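Here the protein sequences come in this chain order: A and B. For the first sequence, this note's numbering assigns the number 1 to the initial residue and increments by one for each residue that follows. For the second sequence, this note's numbering assigns the number 1 to the initial residue and increments by one for each residue that follows.
Derived from the structure by calculation, the hints contain no laboratory data. Just so it is clear, the structure is predicted and the values come from calculations on it, not from any experiment. Be careful, since some hints might not be right.
[Unchecked claim] Simulated restraints on C-beta separations:
1) Gly68/A - Pro188/B: 38 to 48 Å
2) Leu54/A - Leu50/B: 31 to 41 Å
3) Thr106/A - Asp183/B: 33 to 43 Å
4) Ala180/B - Ala180/A: 51 to 61 Å
5) Thr37/B - Leu54/A: 46 to 56 Å
[Said to hold, decoys possible] Not close to chain B: a few residues of chain A, all C-beta gaps over 10 Å, as computed:
6) Leu74
7) Val99
8) Leu129
9) Leu178
We put the CB at the ideal spot given by N, CA and C, even for glycine.
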Amino acid sequence: MPDRPSRSIRSWGRWVLGLELALVLAFLYLPIAVVAALSFNASGLPTAWTGFSLEWYAAVARNEALLGAFGNTLIVGAATTIIATILGTLLALGLERAVRSTFLDTFVYVPMIIPDIVFAIALLSFYNLVFTSLLGLQLGLWTVILSHVTFGIAFVAVVVRTRLRHFDRSIEEASLDLGANELRTFRNVTLPAIAPGVVAGALIAFTMSFDEFIIAFFTKGTSETFPTQVYSMIRFGVTPEVNAIATVVLGLSITLVLVSQRLRGSLE
Amino acid sequence: MLRRRLILLGPALAWWAVFLAVPVALVLAYAFLTRGTFGGVVPTFTLDNLARAADPLYLRVLLFSLRVAAIATLVALLIGYPAAYLIATLPPRWRTPVLILTVLPFWTSLLIRTYAWIVILNREGLINRGLAAAGLIDQPLELLNNEFAIELGLVYGYLPLMILPIYASIERLNPDLREASADLGGGPLRTFRRVTLPLTLPGIAAGCIFVFVPSLGNFIVPDLLGGGLSSMVGNLIQSQFLRARDWPFGAMLSLILIGLMGALLFFQAWLLGRQRREALDA
Numbered sequence: 001m002p003d004r005p006s007r008s009i010r011s012w013g014r015w016v017l018g019l020e021l022a023l024v025l026a027f028l029y030l031p032i033a034v035v036a037a038l039s040f041n042a043s044g045l046p047t048a049w050t051g052f053s054l055e056w057y058a059a060v061a062r063n064e065a066l067l068g069a070f071g072n073t074l075i076v077g078a079a080t081t082i083i084a085t086i087l088g089t090l091l092a093l094g095l096e097r098a099v100r101s102t103f104l105d106t107f108v109y110v111p112m113i114i115p116d117i118v119f120a121i122a123l124l125s126f127y128n129l130v131f132t133s134l135l136g137l138q139l140g141l142w143t144v145i146l147s148h149v150t151f152g153i154a155f156v157a158v159v160v161r162t163r164l165r166h167f168d169r170s171i172e173e174a175s176l177d178l179g180a181n182e183l184r185t186f187r188n189v190t191l192p193a194i195a196p197g198v199v200a201g202a203l204i205a206f207t208m209s210f211d212e213f214i215i216a217f218f219t220k221g222t223s224e225t226f227p228t229q230v231y232s233m234i235r236f237g238v239t240p241e242v243n244a245i246a247t248v249v250l251g252l253s254i255t256l257v258l259v260s261q262r263l264r265g266s267l268e
Numbered sequence: 001m002l003r004r005r006l007i008l009l010g011p012a013l014a015w016w017a018v019f020l021a022v023p024v025a026l027v028l029a030y031a032f033l034t035r036g037t038f039g040g041v042v043p044t045f046t047l048d049n050l051a052r053a054a055d056p057l058y059l060r061v062l063l064f065s066l067r068v069a070a071i072a073t074l075v076a077l078l079i080g081y082p083a084a085y086l087i088a089t090l091p092p093r094w095r096t097p098v099l100i101l102t103v104l105p106f107w108t109s110l111l112i113r114t115y116a117w118i119v120i121l122n123r124e125g126l127i128n129r130g131l132a133a134a135g136l137i138d139q140p141l142e143l144l145n146n147e148f149a150i151e152l153g154l155v156y157g158y159l160p161l162m163i164l165p166i167y168a169s170i171e172r173l174n175p176d177l178r179e180a181s182a183d184l185g186g187g188p189l190r191t192f193r194r195v196t197l198p199l200t201l202p203g204i205a206a207g208c209i210f211v212f213v214p215s216l217g218n219f220i221v222p223d224l225l226g227g228g229l230s231s232m233v234g235n236l237i238q239s240q241f242l243r244a245r246d247w248p249f250g251a252m253l254s255l256i257l258i259g260l261m262g263a264l265l266f267f268q269a270w271l272l273g274r275q276r277r278e279a280l281d282a
């Protein structure tokens, strides 16, 4: 069979593909690794390694404005996560159990795919008209929370829905047959069963809020969140301090996402 | 039943009505209203904003954005497809860890990941310092603030979004089909072109949309790596809102952006529909 590809051609092809994948992974991780390495360099410069140092982390820990912004971002993240998790979980239950609507199924993805710059100006226009002009209120962290909840709901709902689909409904029916009412069944049967999905969704919502920049930039008023503060530092230039911040942020979000993945994986 | 629907769906849908539907509708309206003398919006209908968007000055920004997003998408596809292909054909035990590894960066801050490229590319950056130390250059190279840097940043930012759907479409592919093609005398390239590629087209289309859409309206990457104040349409919208304070024109630009993306999503749906019909006919 002359036309049949020989084993050697195939394995040669796999080698090329393997090399390509290695390069892709290097491309994805080397820039991050460079920043992390520089954050521990005593000189703080990419010129030469002058010894391991934690001084840039100490400098970050002394930066009042940055710490304040970090606190703000934790507040925004926590509030967003609580509201988005409740609304998103209810929505997931509703979409899975109460209605059958292709329109709603698609609509859930709208907050995720709408360009964030458009979302940002839409929310700013709305807040400006309703809150500032009509009610005389100042924009601040609370408007960032309202904004983040809007896309957080979508992420939670999508994650919780996957969990619900893998869920054996007969145990709910059993609970109802045994005389528990709907609320009790939900609390004692449904909720424990979907809990990993809910927690995974909550972690994703928190991560998205924690990292979100543009919408916060437009709707924060005079407050600062961590990303908007870091943005102004970056605009000012490359500093060893920013390298340290970047390393902490990347480490934190990678941990959160891996935990979330684990929780979601536990259903399979 | 109605009560249950209301309790479950009501809160989220009410939230979206207020904080999603109304704000987007407002942008739609602002796009056809007049700018006030001191910023703000005057409720007088006008098509001036649309005419202004067609001005060569702004048209160039739109076309530049389309070109940059298209190039970034193409490069991501060329890099991402082989990677996705290999991951999907790895032994099952390896598949998920490697896939998570490629997608993980997407879940971290784009702002920080874009910053990493400033560290590498700036005049005092890793590449310039390295080349100077090796005696290859006297003057630092200008690697930032150009089209290449923007495209690099976008590919870097959204490559995981290309790999994920292509991976999914290849993984779903029945390996018997490839074997059958090989048995019938199709070489590896021919098998790829005639069997694998057409069957993974939905994954390719999804990946291209996932990269093209956030690239087209991007703000951070062109802002940090592209230098210019209004190099891409995202930057132009930002400056209309926060600097020039011409909200109606910024709203019109946003509307055009949404329109372009909507057209793209329709095209994708049409493409997938056509493919499905062809598959049924065959």
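Hints violated by the structure (numbers, ascending) = Failing hints, ascending: 1, 2, 7 and 8.
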